[in-house]
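With chain A fixed as given, assemble chain B onto it according to the hints.
Number of protein chains: 2
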Amino acid sequence: MITGKNYVGNNLSAKGSKTYKTFNPKLNLENQHVFVEASEDEIDGAVALAQKAFETYRNVPGPKKAAFIRAIADNILDLGDDLIETYCFETGLPKGRAEGERGRTIFQLRSFADLVEGGSWVEAAIDTALPSRTPVPKPDLRKMNIPIGPIVVFGASNFPLAFSTAGGDTASALAAGCPVVVKSHPMHAGTGELVASAIVKAVEETGMPNGVFSNLNSSGIEVGKRLVQHTGVKGVGFTGSTRGGRALYDLAAKREEPIPVFAEMGSINPVVVLPDAMRKKADRWAEAYAGAITLGSGQFCTNPGLLLGIKGDALANFIKQLGNAIVKMEPSCMLHPNIVEAYESGKSQAMAQPESTLVVDYDGEAGANHARQAIITVEGKAFLENPTLHHEVFGPFSMVVQCNDASQMEGILSKLEGQLVGTVIAEGGEAKNYHGVVEALKNRVGRLVFNGVPTGVEVCPSMTHGGPYPASTDSRFTAVGIDAIKRWVRPVSYQDWPDELLPVELQNENPLGIHRLINGEWSIIKI
Amino acid sequence: MITGKNYVGNNLSAKGSKTYKTFNPKLNLENQHVFVEASEDEIDGAVALAQKAFETYRNVPGPKKAAFIRAIADNILDLGDDLIETYCFETGLPKGRAEGERGRTIFQLRSFADLVEGGSWVEAAIDTALPSRTPVPKPDLRKMNIPIGPIVVFGASNFPLAFSTAGGDTASALAAGCPVVVKSHPMHAGTGELVASAIVKAVEETGMPNGVFSNLNSSGIEVGKRLVQHTGVKGVGFTGSTRGGRALYDLAAKREEPIPVFAEMGSINPVVVLPDAMRKKADRWAEAYAGAITLGSGQFCTNPGLLLGIKGDALANFIKQLGNAIVKMEPSCMLHPNIVEAYESGKSQAMAQPESTLVVDYDGEAGANHARQAIITVEGKAFLENPTLHHEVFGPFSMVVQCNDASQMEGILSKLEGQLVGTVIAEGGEAKNYHGVVEALKNRVGRLVFNGVPTGVEVCPSMTHGGPYPASTDSRFTAVGIDAIKRWVRPVSYQDWPDELLPVELQNENPLGIHRLINGEWSIIKI
Chain A
1 MITGKNYVGN NLSAKGSKTY KTFNPKLNLE NQHVFVEASE DEIDGAVALA QKAFETYRNV
61 PGPKKAAFIR AIADNILDLG DDLIETYCFE TGLPKGRAEG ERGRTIFQLR SFADLVEGGS
121 WVEAAIDTAL PSRTPVPKPD LRKMNIPIGP IVVFGASNFP LAFSTAGGDT ASALAAGCPV
181 VVKSHPMHAG TGELVASAIV KAVEETGMPN GVFSNLNSSG IEVGKRLVQH TGVKGVGFTG
241 STRGGRALYD LAAKREEPIP VFAEMGSINP VVVLPDAMRK KADRWAEAYA GAITLGSGQF
301 CTNPGLLLGI KGDALANFIK QLGNAIVKME PSCMLHPNIV EAYESGKSQA MAQPESTLVV
361 DYDGEAGANH ARQAIITVEG KAFLENPTLH HEVFGPFSMV VQCNDASQME GILSKLEGQL
421 VGTVIAEGGE AKNYHGVVEA LKNRVGRLVF NGVPTGVEVC PSMTHGGPYP ASTDSRFTAV
481 GIDAIKRWVR PVSYQDWPDE LLPVELQNEN PLGIHRLING EWSIIKI
Chain B
528 MITGKNYVGN NLSAKGSKTY KTFNPKLNLE NQHVFVEASE DEIDGAVALA QKAFETYRNV
588 PGPKKAAFIR AIADNILDLG DDLIETYCFE TGLPKGRAEG ERGRTIFQLR SFADLVEGGS
648 WVEAAIDTAL PSRTPVPKPD LRKMNIPIGP IVVFGASNFP LAFSTAGGDT ASALAAGCPV
708 VVKSHPMHAG TGELVASAIV KAVEETGMPN GVFSNLNSSG IEVGKRLVQH TGVKGVGFTG
768 STRGGRALYD LAAKREEPIP VFAEMGSINP VVVLPDAMRK KADRWAEAYA GAITLGSGQF
828 CTNPGLLLGI KGDALANFIK QLGNAIVKME PSCMLHPNIV EAYESGKSQA MAQPESTLVV
888 DYDGEAGANH ARQAIITVEG KAFLENPTLH HEVFGPFSMV VQCNDASQME GILSKLEGQL
948 VGTVIAEGGE AKNYHGVVEA LKNRVGRLVF NGVPTGVEVC PSMTHGGPYP ASTDSRFTAV
1008 GIDAIKRWVR PVSYQDWPDE LLPVELQNEN PLGIHRLING EWSIIKI
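Order-wise, the sequence lines are chains A and B. Per this note's numbering, the very first residue in the first sequence carries number 1; after that it's consecutive. Per this note's numbering, the very first residue in the second sequence carries number 528; after that it's consecutive.
Looking at chain A on its own, in the form it has when it is part of the complex:
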């Protein structure tokens, strides 16, 4: 049941005076529930509870954390159709997408539960003593990862489940041993509250400390700002716009004690389409990319907003086919009227650039808040010279850059801002002839896709979802996959510590049977 209140720890609370509603873009009207924005007292209360909870939660053994996180997954599933319906009402996205995203969220939670139950994620390293070493004896040193403290997670507009209340940031922080305070996204506050209720239920069922999770409503920037500046907060997770992420980064960097902000932000995800692929499989790739560009109304952070080819008949044909394929797609509803408005404005700005040539701009029927997909094309030189053309247009829009040759393509790629994903479309062995192009692309992205589309982000250990700035604020970490836990931990070393006082992960007997680096060799046996 949606109450419109905040969860300050396990308690529902609504002391604030500012209220708001969510919006159903498909019906083009407000949803019924009234949400009460968190007051300053409630914000401070949530952080104080998180700090207190951290004192015990940081030492909760892996299997108990795993049970807690699995209970969250189970309780989210138990929300059943209520959750799916609320999700659809608050996003305009179809039921299949809601169910798919719920599945992804559950899978992420269970992956992190497995990870912390296993225990090897602490990256234990042990160097045993050499008491007879000269000139000085070598001490015994043992290292492992420990959690850094309370984390603030900002829900993302475009993934109300997988990148929000119980999404990857929350799951990875809880797995690490860090309490989480969620700044709920105002566009899906109801979905957020339902998921929060599932987490709070899990907290109570599995005996976790009150305050290990809070969910705070917010319709403006004040709640987030106060949270990021709070001395009790030790890290921030965010998925959203470059402007929003950078503002949080700046706030955190200005603190007396700066804290890390992991913001996954804008990206236009360049796609290099090589000549043979265009000549031989223009149809196939035009079809695939028409689908990728319009997937979820183009509201994926991995949406391909930039395609690069080498000028000529094959590229001209590909552009034509891409235009034909995309114009056949049904327009779909975007998340919110504000997002449609921003999309139309960004699209118009790109089209208004004197160097741009329109390929296609859907002009058929479209429902309220539906996005009209479009493709434009520009010359390589124009793209290089006009930075406005580099801006992300969030929605079903893409630009084809016609390069003079491979060298110009390499030059363009090497000057691009940082990106989440770069893709190479090739046929036969042609990719090996474009080493410079691929190298330039690699240096600007977090993930390289070959003969595919960038939109899907697999949840697995070898995924990197992040990239050089502004794709993310810290390219050294991924937001998706189990390595996302590394954002919320720091190493601590024990020197000459008595075995019985060490954490179990570092004891000689290795009671958990975890993978450890012992005197430079990996091992799961005891010392």
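Derived from the structure by calculation, the hints contain no laboratory data.
Simulated crosslink set (DMTMM-like; lysine to aspartate or glutamate; CA at most 25 Å straight-line):
(1) 486/A to 784/B
(2) 969/B to 117/A
(3) 280/A to 410/A
Partial selection, computed: residues in chain B whose CB lies under 8 Å from chain A:
(4) 666
(5) 780
(6) 958
(7) 959
(8) 978
(9) 988
Note that the structure is predicted; figures quoted are calculated from it, not measured. Backbone N, C-alpha and C fix where the C-beta goes; we use that ideal spot for every residue, glycine too.
Quick look at chain B alone, frame taken from chain A:
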């Protein structure tokens, strides 16, 4: 031979007009060589060369990087007595210390050479495809670490070899595949130039690209500032004061593209002396700590500046013995008159606090620029209430805090700024009765020492040299030990990439025989 010039890549250059000399604190007079500060052109030239060098150096295979780094170590040894003599002339430190630090520097370089020759440091992870998975096939994903780009390293005043020109920051960045521009420390510019000449010789001998290393002279803040703000620079390593490190952090955070700054800064390294240890081994620990506090004139970042005990006869006796032991130590020369001056001023400020009681302030003979060691003591309540007492006094000074009980001790520890090291001195099984104290200490430090002194920093995989702010700007990374390489890399994932186009670390055959996480299991075999 010392020329006083900069190395802009492999070329000696002195276009600037600002000059300076180093100082021999023992003889209390200037050294002879004249150093020419790098001009803006030389700074920009060094970064441009580094950017160009990165294009090839980032793909140099591990064994070749290892040969380069080993040649640096060999060439530093080949500098022989010239280096040792210059080091002593520029620091006032004794020959034995110079040789010991050179040994540490060589060991660090060779450790990183071994690491990159082995190849497993790239943390390869592979998840193979599941083409028949429903509803969508699972792609093949493979991840490894790649270097981030040119790095600026700031030499540290207190370790002219091990934390400067070819110290841990430079060694780890070069090992990662990142070119390095060193901002030489003005107090040991001659030592820096000699080491730089050894590196440049290694660049030429092993055929590394020109620009993979530069060494820029600097006597003020301008050179460092320009380097940190340069768009071609992608990361910064620094060891020094909190004020200096924070200034660099702030500059880097304000850039259009923020870059990581790994600053290892101030620390007072609290030591908890438990009652039984004080009752039974006051002599032994007073002796050991008199040595640790005065080691290298107290100019170690791990110097124990704060000792905490529980009030009573045993603590009073320990304080007396510590005073007696430290007053017997010979005063020693500090690095520079400015450092002696800052020490005496910091010491006086601490002593002038109304709550402080003097235990001992050495008043015997002392040579020019020698530090007079001192111990003061304060009550727990006074320490809690007066933040001036928390300031680091860089030099042979320590403060004993007399706590009312374990609970007050825990309260003090939990409110301390972040620290590099925390130590517990205990006897028999008493440590297990102070769980809250140890937990509070653990939460504020990067390394916990049991029954020892914090000063030594072992170079090994399980070392953490870093800690919560302001011990370092990023507690998630260590500045000492092979994991220091992680500061200069980011993961990149390859999706469905053809085997023959993958880096060798990710190819099916595993030609390097490295340790990889394959479908969730560690393995060194092929797929």
